[in-house]
Amino acid sequence: MLFKKKILITPVLLLLAFTFSAPTAIAKGGEHKKIVNHLKTKYKAKKVNIPFMFLARFVVSVVRPAGMKSFSVTLFEDLKFSRETLDREMQSVMKNSFGADWSSILRVRSRTGEQVYMYMREAGSSVKIAVVTIDKAQAAVIRATFNPEKLADFINNPKIFGISLDNKEQQANNKISESKGIAAPEKKIDEPKKDN
Amino acid sequence: MKSLKSYSLKIMLLLFGLTAITANAQDARLRFERLNGLENKAQDVVEVNIDGKLLDLAKRVMVKVNDPNSKKIAQAISGLKGIYVRVYNFEKENEYNVTDVEEIRSQLQSPAWQKLANVRSKKNNQKVDVFTMFTGDQMSGVAVVVSDSKSIAVVNVIGPIDIDLLAEMSGKLNIPKIEIERDGKPEKPKN
Chain A
1 MLFKKKILIT
11 PVLLLLAFTF
21 SAPTAIAKGG
31 EHKKIVNHLK
41 TKYKAKKVNI
51 PFMFLARFVV
61 SVVRPAGMKS
71 FSVTLFEDLK
81 FSRETLDREM
91 QSVMKNSFGA
101 DWSSILRVRS
111 RTGEQVYMYM
121 REAGSSVKIA
131 VVTIDKAQAA
141 VIRATFNPEK
151 LADFINNPKI
161 FGISLDNKEQ
171 QANNKISESK
181 GIAAPEKKID
191 EPKKDN
Chain B
1001 MKSLKSYSLK
1011 IMLLLFGLTA
1021 ITANAQDARL
1031 RFERLNGLEN
1041 KAQDVVEVNI
1051 DGKLLDLAKR
1061 VMVKVNDPNS
1071 KKIAQAISGL
1081 KGIYVRVYNF
1091 EKENEYNVTD
1101 VEEIRSQLQS
1111 PAWQKLANVR
1121 SKKNNQKVDV
1131 FTMFTGDQMS
1141 GVAVVVSDSK
1151 SIAVVNVIGP
1161 IDIDLLAEMS
1171 GKLNIPKIEI
1181 ERDGKPEKPK
1191 N
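Line order of the protein sequences matches chains A and B.
For what it's worth, this note's numbering labels the leading residue of the first sequence as 1, then goes sequentially.
For what it's worth, this note's numbering labels the leading residue of the second sequence as 1001, then goes sequentially.
Any given hint could be a false lead.
[To be verified] Think about it this way: if two alpha-carbon atoms lie no more than 30 angstroms apart in a straight line, the pair counts; the simulated DSSO-like pairs of lysine-lysine are:
id	chain 1	residue 1	chain 2	residue 2
1	A	69	B	1059
2	A	150	B	1064
3	A	40	A	95
4	B	1053	A	128
5	A	44	A	80
Keep in mind that the hints were calculated from the coordinates and are not lab data.
Sequences are here, hints too, so could you generate the full structure?
See below:
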């Protein structure tokens, strides 16, 4: 009885550990925290809650679709800033937040209050991308870590958990099933291809 | 002793060669520092820096993708070292100092750069300059400077660019169609 209980508790604890460790791993990056703090304190930005975001992040951290290891999206609204000083302030925050290992790829700024910053850095076999956008009173801070090799594999063979997302492959499988007189499944589970 | 000498000489020559190659590749890079002063005056600023890391990443992905067009793109960008873009738009006419842009144009007056196109229009004081740099028979850099009374745009591409391959890829994978005239006949890109 005790043994059965232990068997049940272990996966629950593992699941909880995964759920809490995924957001912590993403929040580890100091740059993300610094930018979010700047938006909150300097521009009195209000964070917008995205429903089930924690679940989406957990699923991504486990499934890793298209080589995506982790991601984080933080939305803000009601930003209060001076258009004259916004660019200077944001540039200063960006420089202080992103270290020398990050490369600035894109920077767009307009006096009308639009700002886009995109940074990238390599982390072993993975690539980290950070995007910060401000559009008038709204802002978004996006971070993603992905494996480019896995992304290429996904482009070649788009499958998640062995389920093909490739329409052509699905259609071919459906045709085979129809010719055999078997009802075609909606999505085909990964099977070795038969050579004709 | 003699072998040591010849070994050192070989290393010296190799280092010298590598330095020369690096220096040549760096020559095509324009210095944008002078344009930084325009940041405060401009209404809109766009800055794009696609350098080694991002190009390597793109190459790594493109090479692995089982698509002939992706492989050709990977081949086309295989030698590229960087793509840099600066765009400044101003609210009013003649709001920027012309000498700032002329400083960029003066960098292109070095013998390494060859003028490919030069357009001057009195309308809006428009000026377009296209320069290329060659290392042997291979193009090792491109610089485009466009300015008018209300805007400045500078594009700098560093590394070998295969024009034939680029023309072949035009119209595919969201690359705009390019028609290259040869012997007076426009070459139609193959689709």
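Mind listing which of the numbered hints don't hold for this structure, in increasing order?
none
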